[in-house]
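Enquirer: Chain by chain, the residues run as shown.
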Amino acid sequence: MSRILQDRDERRPETHPLTFRLNDDGTPVMLDAYREQQGYASVERAFRDLTSKTLIDELKTANLRGRGGGGFSAGLKWSLTMQGEGIPRGYIVCNADEMEPGTFKDRLLLEQQPHLLIEGMILAGFANNAYQGYIFMRGEYVDAARTVQRALDEARAAGWLGRDVAGSGWDFDIVLHTGAGRYICGEETALINSLEGKRANPRAKPPFPGQSGAWGKPTVVNNVETLCNVPAIVLHGAEWYQGLSQGKSGDGGTKLYGVSGKVKRPGLWELPMGTTASELMERAGGMRDGLTLKTWLPGGGSTGFLLPEHLELAMDFDTIGKAGSRLGTGLMAVIADNQSVVSLARNLEEFFSRESCGWCTPCRDGLPWSVKLLQALEAGEGVRGDIELLESLAVDLGPGRTFCAHAPGAAMPLATAIHHFRDEFERGVTRGQGAAHADPIPVGSV
Amino acid sequence: MTNASTSTAAPIATDGFVLHDEDRAAIAHEREHYPRPQAASIEALKIVQKRHGWVPDAAIDAIARELGVAPASVEEVATFYSLIFRQPVGRHVILLCDSSSCFLTDYEALRDAFFAHLGIGFGQTTPDDRFTLLPVCCLGACDRGPALMIGEDTYGPVTPEEIPTLLEAYA
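Protein chains in written order, with the numbering used here: chain A, 1 to 446; chain B, 1001 to 1171.
Simulated from the structure, these hints should not be mistaken for lab results. The structure presented is a predicted model; accordingly, all values stated were derived computationally and were not measured. Treat each hint with caution, since some may be false.
[To be verified] Here are the simulated PhoX-like cross-link-like pairs (lysine-lysine), alpha carbons at most 25 Å apart as the crow flies:
hint	chain 1	residue 1	chain 2	residue 2
1	A	K198	B	K1046
2	A	K217	A	K198
3	B	K1050	A	K198
4	A	K60	A	K322
[Said to hold, decoys possible] Label-pair restraints from in silico Cβ distances:
hint	chain 1	residue 1	chain 2	residue 2	range
5	A	R12	B	H1020	50 to 60 Å
6	A	A436	B	R1065	28 to 38 Å
7	A	R265	B	P1160	17 to 27 Å
8	B	A1171	A	A436	27 to 37 Å
9	B	E1162	A	Q83	50 to 60 Å
10	A	D171	B	G1016	16 to 26 Å
11	A	R35	B	R1086	38 to 48 Å
12	A	D171	B	H1117	30 to 40 Å
13	B	A1116	A	R35	48 to 58 Å
14	A	T54	B	Q1087	47 to 57 Å
15	B	Q1087	A	Q149	23 to 33 Å
16	B	R1051	A	R150	40 to 50 Å
17	B	R1091	A	R401	54 to 64 Å
We treat Cβ as the ideally placed atom computed from N, Cα and C, and that holds for glycine.
In isolation and in its complexed conformation, chain A is listed as follows (with noise of 0.2 Å):
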C-alpha cells in the first residue's frame, strides 16, 4: 500500500539499488521479474568469490549503518558473531516490526520486493554462518506476510532456499513468523524473546546476540531495509556503495526517506544518504495551503524536535545527531504552526507509556507520571513546577538509565520539546507551587 513517489526512469540499477525494480503500479516484484532483473545475482557472486570474512570486510568498508534507527556498523555487528570451529550454527533474524511512530518504508519493501530481503538474508546467513533465517514482521502487515510467504516459496521451490542453497553444499532456510502487536518487538533482545515465544522483555546485554540471542545461538538482528542494502555491496563492491551517496555524507549508499504530516504529498523517496531535509520537504510539496512548518522529527517518534533553520542539515545519522537529535528512521513528520507541540509531545509519552513492556521501573513509572503532567499541561491546568519535573523525568529516562533504550526514546522528543517550545509548556502552568493536581487523570483513554 505504501508507494514510492519516484518515476521508474528515475530509478536507476546504478543509484537506486532499494527501488529501481519496484513496479510503477506498486505490485510486487516477484521471482521471475527478480531475476531478469541482477535478483540473486550476489549470492551467485558471494559463492564463487568469497568468504564469511571477505564478505564482511566489504560490508564494514561500505560503512553500511543499521536503517531501523540505531545507525551502528552492520559489517561491524556481523564481525561480532560467533563462528567457528565448535561453535554451532546459528540465525539471523530479520526486524520486520516496523512500528517507529512515522515509519512506513519496510513496509514498501516487504510488500512489493520481498526477494530483496530474501537475497540479503541468505548473504548474512553465508557471512554469519547461519542455519536459519527467521523474518519477524509485525501482525498487522497482512498484506505483506502473504507477499512474502509466496516470495519464500518461490525461492526454496528454485532452490535459492532449503538443501544446498544454488548448487554450494550449504543449507539455508527462512521462516516468516509475523507477531501480535507491541512495539518493544522491535527491540532486539525483546525481539528474540518473543521469537522464542516469550514476553518480550528486552535481555540483558552481555552477552549480546551475535554471541548468545535466539535459543543460545550466535544471532543477527537485522532491520528489514539493512538487510536490503547487502546484495547491491557484493554485487557492486564497497567503493561504488560509498559513491552513492555522492559526497553528501560520510556514510554509504542511499536511503529511503519519507515525509509525513500535513505536506501535499507525503510519500517515500531512495535518494542518496545525507539529502538535506528541505529537499525532502521540497519532494513533498512543502506544507498544505495556508500552514507554515514549525517544527519536525526527522526520524520517528524517539527522535527529538528539530526546528525549520535545521532543515539545511544532511539527514545522516552524525550530522543530525551534532545537532542534539537522531536520524532514527529517516522518515520526518513535520508539525504545522497551528498545532500544538504540547499535545504531540503528550501524544507520544502516551504512547511511549502505553508501550512500556514494564519490566524496569524507570519506564514502568516514570512514563505515565509525564503522560500525567502533559495532560494537565494540555489542560491548562499546570501546577508550578511541572516542567521541570519532566525535564528531570526526562533525564531520569535518559540513557544508561533504564533496562533498554525504549524509555531514552521517550525522553528525547520530550527533552527537546520543552526545549524548543518552552513558552507553550509554560502557558500551560496556571496554579501556583503545592496546588494538587485535578487526581486522578486517566493515563490514555484505554
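Chain A is fixed; fit chain B onto it per the hints.
Expert: Structure of chain B alone, referenced to chain A:
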C-alpha cells in the same frame, strides 16, 4: 492439513474446549518451524483466535497441552500481546492508529467520530456484536494518515464523513 485426517489421538478437551482438528494440524505445522515448541505458542494463540474470535481461558490449557508446555507460559504471552484478545470481540475489530503521524493528520477528530458513530469507546464492542474498537501502534501507513484497519484491511486517509460508507462492507 494432512496431520488432522491421519491423527488417531483423541481430540484434547479441556473444560469443554476442544481444539479443532484443522487448528491442531496448523499448530503442529508451526511447531516444526522452531527448535522448541514454546516458540509456536503465539502462532497457536492466533490460530485459535482466528477460529473463535478470541482466546478463552480453556483454550490456553488446550494449547499448552498440545505444545507440551506449561499453561502459565502460554498464559503469560496471551496476556502480554495486544492483538491476542482475552475477551469476546465483535465480528470485526477496528484498529485505529493513534500514533504521531496520524495524530498530526487529525486522528482525534476521526476517533471522536468513531466513538459517536458506534456509540462505544476504546476496548468496547457494539451491542450487536458487530464492531470492537481498539487503538493500535503506528500502522506504517503514515503517508495516508489518519489510517486504520478493519479486520485485515487497511484504509487511509479516512475522514469522519466516510465512516458510515466504510463500515457498510462489514456486516
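Enquirer: Work down the list of hints and note, for each, if the structure agrees.
Expert: Evaluation of the provided hints:
With a CA separation close to 15 Å, the supplied pair K198 of chain A and K1046 of chain B stays within the 25 Å bound. Straight-line distance between C-alpha atoms of K217 of chain A and K198 of chain A comes to about 17 Å, which keeps the hinted pair within the 25 Å bound. A threshold of 25 Å between alpha carbons decides the hint, and for K1050 of chain B with K198 of chain A the separation of about 20 Å falls inside it, so the pair holds. With a C-alpha separation of about 23 Å, the suggested pairing of K60 of chain A with K322 of chain A holds against the 25 Å cut-off.
Separated by about 51 Å at the C-beta atoms, R12 of chain A and H1020 of chain B satisfy the suggested range of 50 to 60 Å. The hinted range of 28 to 38 Å is not satisfied by A436 of chain A and R1065 of chain B, whose Cβ atoms lie roughly 52 Å apart. At about 23 Å, the beta-carbon gap between R265 of chain A and P1160 of chain B stays in the expected band of 17 to 27 Å. Taking the beta carbon of each, A1171 of chain B and A436 of chain A are about 50 Å apart, not inside 27 to 37 Å as hinted.
E1162 of chain B and Q83 of chain A have their C-beta atoms about 54 Å apart, which keeps the hinted 50 to 60 Å range intact. With their beta carbons about 45 Å apart, D171 of chain A and G1016 of chain B fall outside the hinted range of 16 to 26 Å. For R35 of chain A paired with R1086 of chain B, a C-beta distance near 46 Å keeps the hint of 38 to 48 Å intact. At roughly 54 Å, the beta-carbon separation of D171 of chain A and H1117 of chain B lies outside the given 30 to 40 Å, and the hint is violated.
Evaluation of the 48 to 58 Å hint for A1116 of chain B and R35 of chain A yields a pass: the beta carbon distance comes to about 52 Å. A hinted range of 47 to 57 Å for the beta carbons of T54 of chain A and Q1087 of chain B is consistent with their spacing of about 55 Å. Separated by about 30 Å at the C-beta atoms, Q1087 of chain B and Q149 of chain A satisfy the suggested range of 23 to 33 Å. Range check, R1051 of chain B to R150 of chain A: Cβ separation about 24 Å, and the 40 to 50 Å hint is violated.
For the pair R1091 of chain B and R401 of chain A, the beta carbons lie near 45 Å from each other, so the given range of 54 to 64 Å is not met.
Hint violations for this structure: numbers 6, 8, 10, 12, 16, 17, all remaining hints satisfied.
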